[in-house]
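**Student:** Below, each chain spelled out in residue letters.
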Amino acid sequence: MDSSVATPAAQTPPAAPPQQPQQSGRGAVEGSATWQLSDRIGLAVCWALGLLFCAIAVAIAVYLFLQGIKYLKPSMLVTPAAGGFTQSESGGFSDAFIGTLIVAVMGISLALPAGVGIAVWLVEYGRPAALARITESTIESIAGIPSIVLALFGTVIFSSTALGFLSRTSEGVVFGRSFFAAAAMLSLVALPLVVASTREGLNAIPQHVREASYAVGKTKIATVRRILLPTARPQVATGAMLGLGRIIGDTAIIVVLLGATQNFAPVGGTFPLNYLRGAGTTLTNFVYEASPTGNLNQPQKAYAAAFVLLLMVLALNAAVDIVHRRARKAGTWSH
Amino acid sequence: MESLIPVPPPIRRLPLEQTPPAREAAPVGVGEKDGNGAQPASGGFTAARRSIGAPQFSIRRMEIDAVSVSYSDREAVKSVSLPVRQGEVLSLIGPSGCGKTTLLRSLNRLTELTRTATLTGRILLDDVDIRLIEPTLLRRRVTMVFQQPNPFPMSVFDNIAYVLREQGSRRVRKKTLEPKVHSALQRAGLFEEVKDNLDHPALRLSGGQQQRLCIARALAAEPEVLLLDEPCSALDPQSTQVIEDLIVKLRDDVAVVIVTHNLQQAYRIADHVAFMYLGELVEYSSATALFNSPREQRTKEYVSGAFG
Chain S
300 MDSSVATPAA
310 QTPPAAPPQQ
320 PQQSGRGAVE
330 GSATWQLSDR
340 IGLAVCWALG
350 LLFCAIAVAI
360 AVYLFLQGIK
370 YLKPSMLVTP
380 AAGGFTQSES
390 GGFSDAFIGT
400 LIVAVMGISL
410 ALPAGVGIAV
420 WLVEYGRPAA
430 LARITESTIE
440 SIAGIPSIVL
450 ALFGTVIFSS
460 TALGFLSRTS
470 EGVVFGRSFF
480 AAAAMLSLVA
490 LPLVVASTRE
500 GLNAIPQHVR
510 EASYAVGKTK
520 IATVRRILLP
530 TARPQVATGA
540 MLGLGRIIGD
550 TAIIVVLLGA
560 TQNFAPVGGT
570 FPLNYLRGAG
580 TTLTNFVYEA
590 SPTGNLNQPQ
600 KAYAAAFVLL
610 LMVLALNAAV
620 DIVHRRARKA
630 GTWSH
Chain U
13 MESLIPVPPP
23 IRRLPLEQTP
33 PAREAAPVGV
43 GEKDGNGAQP
53 ASGGFTAARR
63 SIGAPQFSIR
73 RMEIDAVSVS
83 YSDREAVKSV
93 SLPVRQGEVL
103 SLIGPSGCGK
113 TTLLRSLNRL
123 TELTRTATLT
133 GRILLDDVDI
143 RLIEPTLLRR
153 RVTMVFQQPN
163 PFPMSVFDNI
173 AYVLREQGSR
183 RVRKKTLEPK
193 VHSALQRAGL
203 FEEVKDNLDH
213 PALRLSGGQQ
223 QRLCIARALA
233 AEPEVLLLDE
243 PCSALDPQST
253 QVIEDLIVKL
263 RDDVAVVIVT
273 HNLQQAYRIA
283 DHVAFMYLGE
293 LVEYSSATAL
303 FNSPREQRTK
313 EYVSGAFG
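Protein sequences, first through last, are from chains S and U.
If you use the numbering used here, the first sequence corresponds to residues 300 to 634, in order.
If you use the numbering used here, the second sequence corresponds to residues 13 to 320, in order.
Mixed in with the good hints, there may be bad ones.
[Claimed, not checked] Quick list of simulated restraints, FRET-style, between CB atoms:
1. U:Gln198 - S:Gln506: 43 to 49 Å
2. U:Glu205 - S:Ser337: 52 to 58 Å
3. S:Leu613 - U:Arg216: 30 to 36 Å
4. U:Arg216 - S:Ile444: 42 to 48 Å
5. U:Arg185 - S:Leu613: 48 to 54 Å
6. U:Ser218 - S:Gly443: 45 to 51 Å
7. U:Glu205 - S:Arg624: 26 to 32 Å
8. U:Lys192 - S:Ile359: 54 to 60 Å
9. U:Glu205 - S:Val404: 55 to 61 Å
10. S:Pro412 - U:Ser218: 51 to 57 Å
11. U:Gln179 - S:Ser440: 34 to 40 Å
12. U:Arg216 - S:Ile355: 37 to 43 Å
13. U:Arg185 - S:Phe364: 45 to 51 Å
14. S:Ala614 - U:Arg185: 32 to 38 Å
Calculated directly from the structure, the hints in this document are not laboratory data.
Using N, Cα and C, we set each Cβ at its ideal position, and we do this for glycine too.
Same shape as in the complex, but just chain U (with noise of 0.2 Å):
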């Protein structure tokens, strides 16, 4: 019976205790040149961040190592680099078609769905070239939200129920998937809502829970580094707070990426914030630093909304 669970990629999480609380040093890499500059707040951005303080810690998960992709010969992203550390959130912000998306889908491979990008640079999970990993597992370690809720046309258990079988297999029965379908629905905080209802249909649910729903199930493969593309853009601002708390509460266990177009938003989830601009990174700091004193001209215009 066990063994009909497609076997959990061996997992590498820390736990909390062991790591020290200190901020890992500034990582190499373009943007990077104050990965600690914890300024005082000044300027435009006075809204509250979260209440959720400085990370616990930090360990460095995915390395993003001089990456440009190109779809024909259009590059969308320009060499970029930049750490994804576990313990935080990291937050792409910039203007429409500047590459944070396309960057964020090449994290999971999903960009050589499209036929004609191409990739170059590396990109390192734990130490290990993503190329060399066979893609369904990396996109098991490495899960991805979308920007429209998306679950899939059945019950919200066998959504989740989906994501732990074995590619196309329906031989694991339902009892014996039922404590992680559970557990999964808890970790996106979905499961209070619809214990009663797990055999409703998921497109019935509204549209804030159906992105939970879709964060339960890109959880529910036991994922190393949760990607998330705008993940409320489509929602309405109760459901997007109740969101942004979740993705504050994951970042213990789940490296978070998270592309954004709203900059208030950066501003409340995000540790560190990486501005991209026509596929450049620009700047890359902490998200009080850049908000607040941002070196970069073109990041001063675009935070104090001149452009994009």
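Pulled out of the complex, with its shape left as it was, chain S reads as follows (with noise of 0.2 Å):
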């Protein structure tokens, strides 16, 4: 295109004949041997940029990797904290391990259904139109509000007298911490990302996909729950393990709304609901006290405890990867 650039046949000895062939192979799409001198760089810049992330992600995953295998024993996720003065005598993180599972298991329980309703009315229904809008930019503000504030917000909800039954209270003072608070807002910080990947797989989907079902006189809700819902399970699934991340990763609730203690705290009650009554702690916030800026300040648990947690993320990885290759097997309509 532009002459004035040096093509790389200028650049190479005049007898090269091997040139050929590398031409054709690459060349067959585009040659950036043609383009403008800025694209060029631009280019590179992107691929140094790209590299640059890989770089990055592979060095965070193999560095994790070593230091857990290095100090993470199993007996670590079955021995609760304890106090001591050395690390041997700290006892490990069974608490915050199965308080991450707790919390996790409780906020999608709630996010998923929430934000797949959410969604299914905004796509399929989405009347009247101006609640619809409403609706839309309420769930988008959440996805912007910075989780702590989330959780100072929950702290004056769950502390009231009448959610009482949620949390510890002695002498008519609601605590308000404990798995049911953090839970339910950490519910709000995944609800954004349930919503958004379920319009997503829905909208995708072609109007006379709907109206097949219609003119087999299916009613609406019918077509929801056995053709759309099935056909957007990759997306939904992607928002769920989304949220999932999300939920397992926060900190500011966990230490705002759980109490932060390094064991469980339950309060009265039958077996389960004393547990989620009570305060307890999560990795995430295992991995901050122990870290040297915390007050435990035992760094080879912190890393136990981060490889853990980003094993537990790249199981979510892989199983959103199963759900995808599963559907891609099925098919999709040919436009």
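Grab the two chains, each in its own frame, and use the hints to assemble them into the complex.
**Tutor:** Written out as structure tokens, the structure reads:
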């Protein structure tokens, strides 16, 4: 295009016959040889940035893997944290590990049905239009609120007397910190991701597929349940997994609304409820406390816990991948 | 067990033997001036008609009576009156945007899904105004096949089973539904090709097979009228031929209405043809008459390829 730009052919020595197959190899699509200089610099920057981010991701993963394998002992996952002066005395982080699982399950089981329901309503019903617009922008602004702000707001809600049954109460004062409180606020963190991803999945389904279902006498709700949601399953799963990732990765809400003790602090009551109404901790909080800046200062266990966290996130990614692959096998409409 | 299967609407299909072989007398209607006119072939259309001959019988099932459909303030269909008969294939032809698809969609109240659409006039199904029939019941009696093959992303079997089951229910077991699924696939001429792969994903079939699955799906509801909206436009010639044969075979059991852009196709399979232009019904007559000796100038120009 621009003759002022030196082509590779001009730079190579004249006696270079193997140039030909090289050109037909890549040049079949479009060689960058004919590009303007600025475009080629742009391409080079993109390449460099891409490689840089790959390198950062790989570095984090490899470093945590090495540290994790070195410090993680299976016993840490079953031993609760304990008081002690050395790292060998202070036990493991079983309570944090179980705590992470609890908030993940509780948080997503609130966020998933609510998020899918909101997305279905927005895409398939969406009337009155004004209400739909308001809902949309509300969800978007929830996505933008820092989780520490949500946490602070949560303390106001869950310290109210009406919700006293969800946390420790003594002499009429509601403690306001429990798995219930933390999971409720964490579900708000996951909700926008579930909504956005589900909407994307529903919007990708051609209109005539819905009509094909209506045209054999199916109601809207039957179509949603049997056709649309199963079709959007990969995107719903993606939203759920992204939401889970945010939930297990959140620290602010845990510190403020879960009490950030290093052990479960069950309150009186029947078995699961006494734990869920009490304070607790999660892996992120443990990593923070065990890091050199935290109160526990046992960096080896911080690495071990961070490694467990990383494995959980990788497992989530793998799960999403499996769902998507299965959906690809089922095929899609031809256009 | 039997009660879990949706009760099919009472079937008013008349058995073949009892009906007189004669064609029905020309009904009233704007375009209908010579319903029985099987003029000798002359003119441009020399392509072979399907070896189907004249229909054995025909019974009026639907009556489109002065129907107009508007989107917001644009009138897409302007006061069209047409009969839809079982025993023959009715083809709607016309240039893009002439309202033929809108008219087709109004026959099973799919136009109501478009919020801005308003319909005036009456459409009768067996002498009952379709606005008095509950939409889901109506759409089981008047089913539709779309332009794009659109099987649901589930197995071949489940595509049909979904139609047979009540709304979103999954209670009826596969074994119970098997005979009905098989017969629907057989009617659509697909059974032999897929009988060993009934649990394969439907979207992995070829385009032609997908479209026949959609026809099987539409037939599984035991409809009285089958609407087809350019069913072959996304298909190769061979699949098109298979589906055309199928449509002709179906006309004895269901009233068939097909929208097509393909004039040759209309000539090959239709018994009656309605030519629409800018929302109006310009001409309605038998396929041979309309293609070989059109009464209207616009019809003549359209079928000879002058516009559209």
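**Student:** With reference to the structure, classify each hint as holding or not holding.
**Tutor:** Now for the hints, and whether the structure bears them out:
Range check, glutamine 198 (chain U) to glutamine 506 (chain S): Cβ separation about 30 Å, and the 43 to 49 Å hint is violated. Taking the beta carbon of each, glutamate 205 (chain U) and serine 337 (chain S) are about 56 Å apart, inside 52 to 58 Å as hinted. Evaluation of the 30 to 36 Å hint for leucine 613 (chain S) and arginine 216 (chain U) yields a pass: the beta carbon distance comes to about 31 Å. A hinted range of 42 to 48 Å for the beta carbons of arginine 216 (chain U) and isoleucine 444 (chain S) is consistent with their spacing of about 44 Å.
Checked against the given bound of 48 to 54 Å, the beta carbons of arginine 185 (chain U) and leucine 613 (chain S), roughly 40 Å apart, lie outside it. At roughly 47 Å, the beta carbons of serine 218 (chain U) and glycine 443 (chain S) sit within the given window of 45 to 51 Å. In this structure the supplied range 26 to 32 Å holds for glutamate 205 (chain U) paired with arginine 624 (chain S), their Cβ-Cβ distance being about 27 Å. One distance hint, 54 to 60 Å for the beta-carbon pair lysine 192 (chain U) and isoleucine 359 (chain S), holds here, with the actual separation near 57 Å.
Roughly 46 Å separates the CB atoms of glutamate 205 (chain U) and valine 404 (chain S), a value that falls outside the hinted 55 to 61 Å. A hinted range of 51 to 57 Å is violated for the C-beta pair proline 412 (chain S) and serine 218 (chain U), which are about 39 Å apart. Taking the beta carbon of each, glutamine 179 (chain U) and serine 440 (chain S) are about 37 Å apart, inside 34 to 40 Å as hinted. At about 40 Å, the CB distance of arginine 216 (chain U) to isoleucine 355 (chain S) agrees with the hint of 37 to 43 Å.
A hinted range of 45 to 51 Å for the beta carbons of arginine 185 (chain U) and phenylalanine 364 (chain S) is consistent with their spacing of about 49 Å. Take alanine 614 (chain S) and arginine 185 (chain U): their Cβ atoms lie about 35 Å apart, and the range 32 to 38 Å holds.
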